[in-house]
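Build out the structure end to end from the sequences listed, making use of the hints.
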Amino acid sequence: MKWASRVVPAAVAAVAALAARDLIQRDHALLRTFPVLGRARYLLESIGPELRQYIVAGNNEERPFTRDQRRWVYASAKQQNNYFGFGTDNDIEFTPGYPIIKHRTFGPAVPPSAPGAGHDVRLPGAKVLGAARGRARAFRPESVVNISGMSYGSLSGNAVEALNRGAALAGCLQNTGEGGLSPYHRKGGDLVFQIGTAYFGCRDEHGRFSLDRLRDLVAGAPVRALEIKLSQGAKPSLGGLLPAAKVSAEIAATRGIPQGRDCVSPSRHAEFSDCDSLLDWVELLAAETGLPVGIKSAVGDLGFWEELTTLMRDTGRGVDFVTVDGGEGGTGAAPLIFTDSVSLPFQQGFARVYRIFAERDLHEQVVFVGSGKLGLPDNAVVAFALGCDMVNVGREAMLAIGCIQAQKCHTDTCPTGVATQNPWLVRGVDPASKSVRAANYVRTLRRDLVKVAEACGVEHPGLIDADAIEILGGRTTSRPLHEVYGYRPGGGCRPPPTGRRSPG
1 MKWASRVVPA AVAAVAALAA RDLIQRDHAL LRTFPVLGRA RYLLESIGPE
51 LRQYIVAGNN EERPFTRDQR RWVYASAKQQ NNYFGFGTDN DIEFTPGYPI
101 IKHRTFGPAV PPSAPGAGHD VRLPGAKVLG AARGRARAFR PESVVNISGM
151 SYGSLSGNAV EALNRGAALA GCLQNTGEGG LSPYHRKGGD LVFQIGTAYF
201 GCRDEHGRFS LDRLRDLVAG APVRALEIKL SQGAKPSLGG LLPAAKVSAE
251 IAATRGIPQG RDCVSPSRHA EFSDCDSLLD WVELLAAETG LPVGIKSAVG
301 DLGFWEELTT LMRDTGRGVD FVTVDGGEGG TGAAPLIFTD SVSLPFQQGF
351 ARVYRIFAER DLHEQVVFVG SGKLGLPDNA VVAFALGCDM VNVGREAMLA
401 IGCIQAQKCH TDTCPTGVAT QNPWLVRGVD PASKSVRAAN YVRTLRRDLV
451 KVAEACGVEH PGLIDADAIE ILGGRTTSRP LHEVYGYRPG GGCRPPPTGR
501 RSPG
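Residue numbers (our numbering): 1 to 504.
Mixed in with the good hints, there may be bad ones.
[Said to hold, decoys possible] Under the rule of at most 25 Å between Cα atoms (straight-line distance), these lysine-lysine pairs were calculated in the DSS-like manner:
| no. | residue 1 | residue 2 |
| --- | --- | --- |
| 1 | 408 | 78 |
| 2 | 187 | 102 |
| 3 | 102 | 451 |
| 4 | 451 | 187 |
None of these hints come from the bench; they were simulated from the model.
Given the structure is predicted, the values throughout are model-derived calculations rather than measurements.
Pasting the structure below:
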(Lines of atoms letter the chains of each structure in order from A and count residues from 1; the text may use other names and numbers.)
(Lines give C-alpha, C1' and ligand atoms only; values in the text may rest on other atoms or scores of the structure.)
Protein backbone atom coordinates (compact mmCIF):
# COMPACT_ATOMS: atom_id res chain seq x y z
CA MET A 1 0.00 0.00 0.00
CA LYS A 2 1.31 3.42 -0.98
CA TRP A 3 0.43 5.05 2.33
CA ALA A 4 2.29 2.39 4.27
CA SER A 5 5.52 3.05 2.37
CA ARG A 6 5.38 6.66 3.61
CA VAL A 7 3.89 6.30 7.08
CA VAL A 8 5.86 3.31 8.37
CA PRO A 9 9.36 4.80 7.83
CA ALA A 10 8.21 8.10 9.31
CA ALA A 11 6.77 6.33 12.35
CA VAL A 12 10.00 4.40 12.83
CA ALA A 13 11.94 7.68 12.61
CA ALA A 14 9.68 9.25 15.23
CA VAL A 15 10.20 6.35 17.64
CA ALA A 16 13.94 6.52 17.02
CA ALA A 17 13.90 10.24 17.76
CA LEU A 18 12.24 9.69 21.13
CA ALA A 19 14.61 6.88 21.99
CA ALA A 20 17.64 8.96 21.03
CA ARG A 21 16.43 11.86 23.12
CA ASP A 22 16.00 9.69 26.20
CA LEU A 23 19.41 8.14 25.77
CA ILE A 24 21.09 11.51 25.38
CA GLN A 25 19.37 12.99 28.39
CA ARG A 26 20.21 9.96 30.53
CA ASP A 27 23.90 9.77 29.81
CA HIS A 28 25.88 12.27 27.74
CA ALA A 29 28.78 9.85 27.83
CA LEU A 30 26.95 7.87 25.18
CA LEU A 31 27.82 10.61 22.71
CA ARG A 32 31.50 9.88 23.25
CA THR A 33 30.96 6.14 23.09
CA PHE A 34 28.68 6.20 20.09
CA PRO A 35 29.56 9.27 17.97
CA VAL A 36 27.10 8.19 15.28
CA LEU A 37 24.28 8.63 17.78
CA GLY A 38 25.26 12.26 18.29
CA ARG A 39 25.09 12.89 14.55
CA ALA A 40 21.75 11.07 14.37
CA ARG A 41 20.36 13.50 16.90
CA TYR A 42 20.94 16.43 14.54
CA LEU A 43 19.55 14.46 11.60
CA LEU A 44 16.39 13.72 13.55
CA GLU A 45 16.12 17.37 14.63
CA SER A 46 16.35 18.44 10.98
CA ILE A 47 13.31 16.34 10.05
CA GLY A 48 11.46 17.16 13.26
CA PRO A 49 9.10 19.69 11.61
CA GLU A 50 8.02 17.15 9.01
CA LEU A 51 7.47 14.47 11.65
CA ARG A 52 5.34 16.81 13.74
CA GLN A 53 3.44 18.15 10.75
CA TYR A 54 2.35 14.82 9.33
CA ILE A 55 2.31 12.48 12.34
CA VAL A 56 2.53 14.06 15.78
CA ALA A 57 0.58 17.36 15.73
CA GLY A 58 -3.19 17.47 16.06
CA ASN A 59 -5.57 19.08 13.58
CA ASN A 60 -5.48 22.47 15.32
CA GLU A 61 -1.97 22.56 16.79
CA GLU A 62 0.17 23.63 13.85
CA ARG A 63 1.09 27.21 13.09
CA PRO A 64 0.81 29.48 11.22
CA PHE A 65 -1.91 27.40 9.54
CA THR A 66 -3.46 24.38 11.18
CA ARG A 67 -3.98 21.11 9.38
CA ASP A 68 -7.73 21.76 9.19
CA GLN A 69 -7.15 25.20 7.65
CA ARG A 70 -4.72 23.83 5.07
CA ARG A 71 -7.05 20.97 4.29
CA TRP A 72 -9.85 23.44 3.61
CA VAL A 73 -7.66 25.48 1.25
CA TYR A 74 -6.33 22.41 -0.57
CA ALA A 75 -9.78 20.89 -1.03
CA SER A 76 -11.23 24.21 -2.19
CA ALA A 77 -8.44 24.67 -4.72
CA LYS A 78 -8.97 21.18 -6.12
CA GLN A 79 -12.78 21.48 -6.05
CA GLN A 80 -12.96 18.51 -3.73
CA ASN A 81 -15.27 18.06 -0.75
CA ASN A 82 -14.21 20.78 1.69
CA TYR A 83 -16.89 20.05 4.26
CA PHE A 84 -16.07 18.73 7.75
CA GLY A 85 -18.16 16.03 9.42
CA PHE A 86 -19.13 15.14 12.98
CA GLY A 87 -18.98 18.64 14.36
CA THR A 88 -16.15 20.99 15.20
CA ASP A 89 -13.00 19.76 16.93
CA ASN A 90 -12.17 23.31 18.07
CA ASP A 91 -12.32 23.82 21.83
CA ILE A 92 -14.86 26.62 21.45
CA GLU A 93 -16.10 27.00 25.01
CA PHE A 94 -12.62 27.25 26.49
CA THR A 95 -10.96 29.48 23.87
CA PRO A 96 -11.03 33.19 24.81
CA GLY A 97 -11.24 35.40 21.74
CA TYR A 98 -13.10 32.82 19.66
CA PRO A 99 -15.47 34.60 17.22
CA ILE A 100 -19.07 33.44 16.82
CA ILE A 101 -21.15 34.69 13.89
CA LYS A 102 -24.75 35.37 14.86
CA HIS A 103 -27.13 34.20 12.16
CA ARG A 104 -30.59 35.70 11.75
CA THR A 105 -33.81 33.79 11.44
CA PHE A 106 -35.26 36.49 9.19
CA GLY A 107 -33.64 39.30 7.25
CA PRO A 108 -34.00 41.49 4.16
CA ALA A 109 -31.79 39.20 2.07
CA VAL A 110 -33.67 36.39 0.33
CA PRO A 111 -31.07 33.82 -0.76
CA PRO A 112 -31.57 32.01 -4.08
CA SER A 113 -32.81 28.44 -3.77
CA ALA A 114 -31.04 26.83 -6.75
CA PRO A 115 -28.65 24.02 -5.64
CA GLY A 116 -25.63 25.65 -7.28
CA ALA A 117 -26.43 29.21 -6.25
CA GLY A 118 -23.45 31.21 -5.13
CA HIS A 119 -20.85 28.74 -6.40
CA ASP A 120 -19.44 31.16 -8.97
CA VAL A 121 -20.04 34.69 -7.77
CA ARG A 122 -18.00 37.73 -8.74
CA LEU A 123 -18.85 39.62 -5.55
CA PRO A 124 -17.68 43.12 -6.53
CA GLY A 125 -16.46 45.70 -4.05
CA ALA A 126 -19.06 47.90 -2.38
CA LYS A 127 -17.10 51.10 -3.10
CA VAL A 128 -15.64 52.54 -6.29
CA LEU A 129 -11.89 52.77 -5.83
CA GLY A 130 -10.75 56.35 -6.47
CA ALA A 131 -14.23 57.83 -6.96
CA ALA A 132 -14.24 59.89 -3.76
CA ARG A 133 -11.27 61.93 -5.02
CA GLY A 134 -12.22 61.97 -8.67
CA ARG A 135 -9.33 59.89 -10.01
CA ALA A 136 -9.41 59.67 -13.78
CA ARG A 137 -9.15 55.87 -13.77
CA ALA A 138 -11.38 55.12 -10.79
CA PHE A 139 -13.01 51.67 -10.92
CA ARG A 140 -15.09 49.25 -8.93
CA PRO A 141 -13.07 46.11 -8.10
CA GLU A 142 -14.75 43.01 -9.49
CA SER A 143 -13.89 40.96 -6.43
CA VAL A 144 -13.71 41.63 -2.69
CA VAL A 145 -11.11 38.84 -2.49
CA ASN A 146 -7.80 39.65 -4.18
CA ILE A 147 -4.25 38.32 -4.20
CA SER A 148 -1.84 40.02 -1.83
CA GLY A 149 1.58 41.48 -2.62
CA MET A 150 4.15 38.72 -3.17
CA SER A 151 7.21 39.71 -5.15
CA TYR A 152 8.80 37.91 -8.05
CA GLY A 153 12.07 36.96 -6.44
CA SER A 154 10.55 35.88 -3.19
CA LEU A 155 8.22 33.68 -5.26
CA SER A 156 9.29 31.80 -8.35
CA GLY A 157 8.30 32.97 -11.81
CA ASN A 158 6.04 29.95 -12.24
CA ALA A 159 4.27 30.73 -8.96
CA VAL A 160 3.74 34.37 -9.92
CA GLU A 161 2.43 33.32 -13.33
CA ALA A 162 0.07 30.78 -11.77
CA LEU A 163 -1.34 33.44 -9.46
CA ASN A 164 -1.70 35.95 -12.29
CA ARG A 165 -3.49 33.49 -14.55
CA GLY A 166 -5.64 32.48 -11.59
CA ALA A 167 -6.51 36.12 -10.93
CA ALA A 168 -7.63 36.45 -14.55
CA LEU A 169 -9.81 33.34 -14.28
CA ALA A 170 -11.36 34.45 -10.99
CA GLY A 171 -11.76 38.10 -11.99
CA CYS A 172 -9.71 39.45 -9.12
CA LEU A 173 -6.66 41.69 -8.70
CA GLN A 174 -3.08 40.60 -8.12
CA ASN A 175 -0.73 42.84 -6.16
CA THR A 176 2.79 42.71 -7.62
CA GLY A 177 4.61 43.07 -4.31
CA GLU A 178 7.53 45.48 -4.07
CA GLY A 179 9.77 43.47 -6.42
CA GLY A 180 8.65 45.12 -9.62
CA LEU A 181 6.46 44.07 -12.54
CA SER A 182 7.89 40.97 -14.22
CA PRO A 183 6.93 39.14 -17.43
CA TYR A 184 5.13 36.62 -15.20
CA HIS A 185 2.72 39.34 -14.09
CA ARG A 186 1.59 39.87 -17.70
CA LYS A 187 -0.51 36.75 -18.20
CA GLY A 188 -3.97 38.31 -18.20
CA GLY A 189 -4.64 39.31 -14.62
CA ASP A 190 -5.23 42.93 -13.56
CA LEU A 191 -2.60 44.36 -11.23
CA VAL A 192 -2.04 46.63 -8.26
CA PHE A 193 1.52 47.89 -8.63
CA GLN A 194 3.24 48.14 -5.27
CA ILE A 195 5.92 50.80 -4.77
CA GLY A 196 8.33 49.84 -2.03
CA THR A 197 11.20 51.70 -0.43
CA ALA A 198 13.67 50.62 -3.14
CA TYR A 199 11.33 51.67 -6.01
CA PHE A 200 11.95 48.45 -7.96
CA GLY A 201 10.64 48.72 -11.49
CA CYS A 202 10.39 52.51 -11.34
CA ARG A 203 13.87 53.58 -10.27
CA ASP A 204 16.74 55.25 -12.09
CA GLU A 205 20.31 54.03 -12.37
CA HIS A 206 21.10 55.52 -8.97
CA GLY A 207 18.24 53.75 -7.21
CA ARG A 208 16.05 56.83 -6.83
CA PHE A 209 12.39 56.96 -7.82
CA SER A 210 11.76 57.82 -11.49
CA LEU A 211 8.35 59.23 -12.38
CA ASP A 212 9.04 58.75 -16.10
CA ARG A 213 9.71 55.06 -15.63
CA LEU A 214 6.57 54.67 -13.55
CA ARG A 215 4.48 56.34 -16.24
CA ASP A 216 5.98 54.07 -18.91
CA LEU A 217 5.41 50.99 -16.79
CA VAL A 218 1.73 51.60 -16.02
CA ALA A 219 1.07 52.62 -19.62
CA GLY A 220 2.29 49.23 -20.87
CA ALA A 221 0.69 46.91 -18.33
CA PRO A 222 -2.81 46.24 -16.88
CA VAL A 223 -2.13 48.24 -13.70
CA ARG A 224 -5.37 49.40 -12.04
CA ALA A 225 -4.00 51.06 -8.89
CA LEU A 226 -0.77 52.02 -7.11
CA GLU A 227 0.04 50.96 -3.56
CA ILE A 228 2.80 52.68 -1.57
CA LYS A 229 4.19 50.13 0.86
CA LEU A 230 5.14 51.78 4.13
CA SER A 231 5.53 48.50 6.01
CA GLN A 232 4.11 44.99 6.19
CA GLY A 233 3.23 42.65 9.00
CA ALA A 234 6.00 40.15 8.26
CA LYS A 235 8.74 42.77 8.57
CA PRO A 236 7.29 46.05 9.87
CA SER A 237 9.64 49.02 9.32
CA LEU A 238 12.51 46.63 8.60
CA GLY A 239 12.99 46.77 4.85
CA GLY A 240 13.66 43.62 2.89
CA LEU A 241 16.49 41.32 1.86
CA LEU A 242 16.56 39.11 -1.21
CA PRO A 243 19.60 36.83 -0.89
CA ALA A 244 22.16 36.86 -3.69
CA ALA A 245 21.31 33.24 -4.50
CA LYS A 246 17.83 34.33 -5.56
CA VAL A 247 18.92 37.32 -7.68
CA SER A 248 18.93 35.82 -11.16
CA ALA A 249 19.46 37.76 -14.38
CA GLU A 250 15.69 37.99 -14.89
CA ILE A 251 15.05 39.24 -11.36
CA ALA A 252 17.89 41.75 -11.71
CA ALA A 253 16.34 43.07 -14.92
CA THR A 254 12.87 43.29 -13.36
CA ARG A 255 14.10 45.18 -10.32
CA GLY A 256 16.86 47.19 -11.94
CA ILE A 257 19.61 45.83 -9.68
CA PRO A 258 22.95 43.95 -10.12
CA GLN A 259 22.72 40.20 -10.64
CA GLY A 260 24.04 37.79 -8.01
CA ARG A 261 24.28 40.31 -5.17
CA ASP A 262 22.16 40.66 -2.03
CA CYS A 263 19.23 42.97 -2.73
CA VAL A 264 18.47 45.20 0.25
CA SER A 265 15.38 47.38 0.56
CA PRO A 266 15.67 50.36 2.92
CA SER A 267 13.36 50.60 5.92
CA ARG A 268 12.07 54.07 4.91
CA HIS A 269 11.09 55.92 1.74
CA ALA A 270 13.38 58.63 0.37
CA GLU A 271 10.65 60.51 -1.54
CA PHE A 272 8.84 61.74 1.56
CA SER A 273 9.66 62.19 5.22
CA ASP A 274 6.35 63.02 6.93
CA CYS A 275 2.59 62.81 6.38
CA ASP A 276 2.46 66.14 4.57
CA SER A 277 5.07 65.16 1.98
CA LEU A 278 3.52 61.68 1.71
CA LEU A 279 0.18 63.19 0.71
CA ASP A 280 1.92 65.48 -1.78
CA TRP A 281 3.52 62.41 -3.35
CA VAL A 282 0.21 60.53 -3.41
CA GLU A 283 -1.45 63.40 -5.26
CA LEU A 284 1.49 63.64 -7.69
CA LEU A 285 1.27 59.94 -8.59
CA ALA A 286 -2.51 60.13 -8.99
CA ALA A 287 -2.30 63.22 -11.20
CA GLU A 288 0.44 61.79 -13.42
CA THR A 289 -1.06 58.33 -13.89
CA GLY A 290 -4.78 58.86 -13.28
CA LEU A 291 -4.74 55.79 -11.06
CA PRO A 292 -6.14 55.41 -7.54
CA VAL A 293 -3.27 55.54 -5.03
CA GLY A 294 -3.22 53.93 -1.61
CA ILE A 295 -0.89 52.93 1.19
CA LYS A 296 -0.08 49.63 2.86
CA SER A 297 1.08 49.51 6.46
CA ALA A 298 1.22 47.43 9.56
CA VAL A 299 -0.01 49.27 12.66
CA GLY A 300 2.25 50.54 15.40
CA ASP A 301 2.39 54.17 16.50
CA LEU A 302 -1.09 55.65 16.06
CA GLY A 303 0.29 59.19 15.86
CA PHE A 304 0.99 58.62 12.17
CA TRP A 305 -2.63 57.75 11.46
CA GLU A 306 -3.97 60.66 13.48
CA GLU A 307 -1.75 63.13 11.64
CA LEU A 308 -2.52 61.58 8.25
CA THR A 309 -6.29 61.72 8.71
CA THR A 310 -6.21 65.25 10.14
CA LEU A 311 -4.33 66.44 7.06
CA MET A 312 -6.75 64.58 4.78
CA ARG A 313 -9.71 66.24 6.49
CA ASP A 314 -8.22 69.73 6.54
CA THR A 315 -6.41 69.90 3.17
CA GLY A 316 -8.49 67.79 0.80
CA ARG A 317 -5.52 65.66 -0.18
CA GLY A 318 -5.76 61.97 0.57
CA VAL A 319 -5.23 58.33 -0.20
CA ASP A 320 -7.84 56.34 -2.09
CA PHE A 321 -7.36 53.11 -0.18
CA VAL A 322 -5.64 51.85 2.94
CA THR A 323 -4.33 48.30 3.24
CA VAL A 324 -3.83 47.34 6.87
CA ASP A 325 -1.56 44.34 7.38
CA GLY A 326 -1.56 42.31 10.56
CA GLY A 327 1.54 41.65 12.61
CA GLU A 328 0.91 37.89 12.46
CA GLY A 329 3.62 37.65 9.82
CA GLY A 330 3.20 36.91 6.16
CA THR A 331 5.02 35.85 3.03
CA GLY A 332 8.14 37.87 3.89
CA ALA A 333 11.02 36.49 5.97
CA ALA A 334 12.28 38.47 8.95
CA PRO A 335 14.17 38.14 12.23
CA LEU A 336 12.16 36.27 14.86
CA ILE A 337 11.66 39.37 17.02
CA PHE A 338 9.92 41.16 14.13
CA THR A 339 7.80 38.17 13.17
CA ASP A 340 6.69 37.49 16.74
CA SER A 341 6.54 40.86 18.47
CA VAL A 342 6.55 43.95 16.22
CA SER A 343 3.27 45.62 15.09
CA LEU A 344 -0.28 44.91 16.21
CA PRO A 345 -2.20 41.83 15.07
CA PHE A 346 -4.75 42.52 12.35
CA GLN A 347 -7.95 42.91 14.33
CA GLN A 348 -6.54 45.28 16.93
CA GLY A 349 -4.54 47.28 14.40
CA PHE A 350 -7.34 47.61 11.86
CA ALA A 351 -9.99 48.55 14.43
CA ARG A 352 -7.84 51.36 15.78
CA VAL A 353 -7.07 52.75 12.33
CA TYR A 354 -10.68 52.51 11.14
CA ARG A 355 -11.91 54.36 14.21
CA ILE A 356 -9.45 57.19 13.59
CA PHE A 357 -10.75 57.61 10.03
CA ALA A 358 -14.37 57.43 11.25
CA GLU A 359 -13.81 60.03 13.95
CA ARG A 360 -12.86 62.48 11.17
CA ASP A 361 -15.76 61.33 8.96
CA LEU A 362 -13.37 59.94 6.33
CA HIS A 363 -14.29 56.26 6.42
CA GLU A 364 -16.70 56.50 3.48
CA GLN A 365 -14.09 58.24 1.31
CA VAL A 366 -11.53 55.45 1.61
CA VAL A 367 -11.56 51.80 0.54
CA PHE A 368 -10.26 49.64 3.39
CA VAL A 369 -8.36 46.48 2.55
CA GLY A 370 -7.40 43.87 5.15
CA SER A 371 -4.43 41.53 5.04
CA GLY A 372 -3.08 38.94 7.46
CA LYS A 373 -4.56 35.40 7.48
CA LEU A 374 -7.84 36.71 6.05
CA GLY A 375 -8.03 34.03 3.39
CA LEU A 376 -9.97 31.86 5.81
CA PRO A 377 -13.74 32.53 5.86
CA ASP A 378 -14.10 33.08 9.61
CA ASN A 379 -11.23 35.57 9.75
CA ALA A 380 -12.51 37.36 6.65
CA VAL A 381 -16.03 37.74 8.08
CA VAL A 382 -14.64 39.39 11.21
CA ALA A 383 -12.56 41.70 8.99
CA PHE A 384 -15.66 42.77 7.04
CA ALA A 385 -17.57 43.30 10.28
CA LEU A 386 -14.79 45.61 11.50
CA GLY A 387 -15.00 47.74 8.36
CA CYS A 388 -12.99 46.10 5.58
CA ASP A 389 -14.27 46.56 2.05
CA MET A 390 -11.90 43.95 0.59
CA VAL A 391 -9.44 41.32 1.78
CA ASN A 392 -6.08 40.29 0.31
CA VAL A 393 -4.89 36.68 0.48
CA GLY A 394 -1.19 35.79 0.41
CA ARG A 395 -0.09 32.60 2.11
CA GLU A 396 -3.49 30.99 1.49
CA ALA A 397 -3.02 31.62 -2.24
CA MET A 398 0.42 30.01 -1.96
CA LEU A 399 -1.18 26.97 -0.34
CA ALA A 400 -3.68 26.82 -3.19
CA ILE A 401 -0.89 26.48 -5.78
CA GLY A 402 1.06 23.85 -3.87
CA CYS A 403 2.78 25.32 -0.79
CA ILE A 404 3.01 22.74 2.01
CA GLN A 405 4.01 25.14 4.83
CA ALA A 406 7.59 23.85 4.81
CA GLN A 407 8.67 27.28 6.13
CA LYS A 408 11.79 27.32 3.97
CA CYS A 409 10.80 30.45 2.00
CA HIS A 410 13.98 32.29 3.06
CA THR A 411 16.41 29.48 2.16
CA ASP A 412 15.82 29.12 -1.60
CA THR A 413 15.06 25.43 -0.98
CA CYS A 414 11.25 25.47 -1.06
CA PRO A 415 10.46 21.82 -1.89
CA THR A 416 7.36 22.61 -3.95
CA GLY A 417 8.93 25.30 -6.17
CA VAL A 418 6.67 28.12 -4.92
CA ALA A 419 9.24 30.23 -3.04
CA THR A 420 12.55 29.43 -4.71
CA GLN A 421 14.58 30.35 -7.78
CA ASN A 422 16.14 26.89 -8.10
CA PRO A 423 15.23 25.83 -11.67
CA TRP A 424 14.91 22.17 -10.73
CA LEU A 425 12.51 22.90 -7.89
CA VAL A 426 10.55 25.55 -9.81
CA ARG A 427 9.47 22.89 -12.29
CA GLY A 428 7.17 21.58 -9.56
CA VAL A 429 4.79 24.48 -10.22
CA ASP A 430 2.85 24.10 -13.47
CA PRO A 431 1.25 27.51 -14.14
CA ALA A 432 -1.52 26.04 -16.30
CA SER A 433 -2.91 23.66 -13.69
CA LYS A 434 -2.02 25.68 -10.59
CA SER A 435 -3.75 28.78 -11.97
CA VAL A 436 -7.01 26.85 -12.04
CA ARG A 437 -6.49 25.89 -8.41
CA ALA A 438 -5.81 29.50 -7.41
CA ALA A 439 -9.01 30.58 -9.15
CA ASN A 440 -11.01 27.75 -7.54
CA TYR A 441 -9.80 28.81 -4.11
CA VAL A 442 -10.75 32.48 -4.64
CA ARG A 443 -14.18 31.50 -5.96
CA THR A 444 -14.79 29.18 -3.03
CA LEU A 445 -13.85 31.83 -0.49
CA ARG A 446 -16.22 34.29 -2.19
CA ARG A 447 -18.97 31.66 -2.18
CA ASP A 448 -18.55 31.05 1.55
CA LEU A 449 -18.58 34.79 2.25
CA VAL A 450 -21.86 35.13 0.35
CA LYS A 451 -23.36 32.20 2.24
CA VAL A 452 -22.37 33.67 5.60
CA ALA A 453 -23.74 37.09 4.56
CA GLU A 454 -27.05 35.44 3.72
CA ALA A 455 -27.04 33.70 7.09
CA CYS A 456 -26.57 37.14 8.69
CA GLY A 457 -29.52 38.46 6.69
CA VAL A 458 -27.63 40.74 4.28
CA GLU A 459 -26.79 40.58 0.58
CA HIS A 460 -23.07 41.34 0.69
CA PRO A 461 -20.29 40.58 3.21
CA GLY A 462 -19.51 44.31 3.30
CA LEU A 463 -22.87 44.77 5.01
CA ILE A 464 -22.07 42.45 7.89
CA ASP A 465 -21.64 44.77 10.84
CA ALA A 466 -19.97 44.51 14.22
CA ASP A 467 -23.29 43.60 15.88
CA ALA A 468 -23.24 40.27 14.02
CA ILE A 469 -20.14 38.92 15.77
CA GLU A 470 -19.78 37.76 19.37
CA ILE A 471 -16.34 37.20 20.93
CA LEU A 472 -16.20 34.45 23.53
CA GLY A 473 -14.34 35.11 26.77
CA GLY A 474 -14.44 31.52 27.97
CA ARG A 475 -17.17 29.04 28.75
CA THR A 476 -19.63 31.45 30.36
CA THR A 477 -18.86 34.93 29.01
CA SER A 478 -18.90 36.73 25.67
CA ARG A 479 -18.91 40.29 24.35
CA PRO A 480 -20.21 41.80 21.09
CA LEU A 481 -17.48 42.69 18.61
CA HIS A 482 -18.43 46.38 18.69
CA GLU A 483 -17.90 46.42 22.44
CA VAL A 484 -14.54 44.65 22.23
CA TYR A 485 -13.14 47.25 19.82
CA GLY A 486 -15.07 50.33 20.94
CA TYR A 487 -17.42 50.62 17.95
CA ARG A 488 -20.75 52.35 18.44
CA PRO A 489 -23.52 49.73 18.73
CA GLY A 490 -26.44 49.86 16.34
CA GLY A 491 -24.58 52.07 13.90
CA GLY A 492 -26.27 50.27 11.05
CA CYS A 493 -25.24 50.58 7.42
CA ARG A 494 -26.60 51.91 4.21
CA PRO A 495 -27.36 49.80 1.13
CA PRO A 496 -24.59 49.06 -1.40
CA PRO A 497 -22.49 50.44 -2.95
CA THR A 498 -21.40 52.52 0.04
CA GLY A 499 -22.69 50.46 2.94
CA ARG A 500 -20.67 50.68 6.14
CA ARG A 501 -21.12 50.69 9.89
CA SER A 502 -20.17 53.54 12.26
CA PRO A 503 -17.44 53.02 14.84
CA GLY A 504 -16.33 55.46 17.48
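Hints and how they fare:
{"no.": "1", "hint": "408 <-> 78", "in the structure": "24 Å, holds"}
{"no.": "2", "hint": "187 <-> 102", "in the structure": "41 Å, violated"}
{"no.": "3", "hint": "102 <-> 451", "in the structure": "13 Å, holds"}
{"no.": "4", "hint": "451 <-> 187", "in the structure": "31 Å, violated"}
Of the numbered hints stated above, those contradicted by the structure are hints 2, 4, listed in ascending order.
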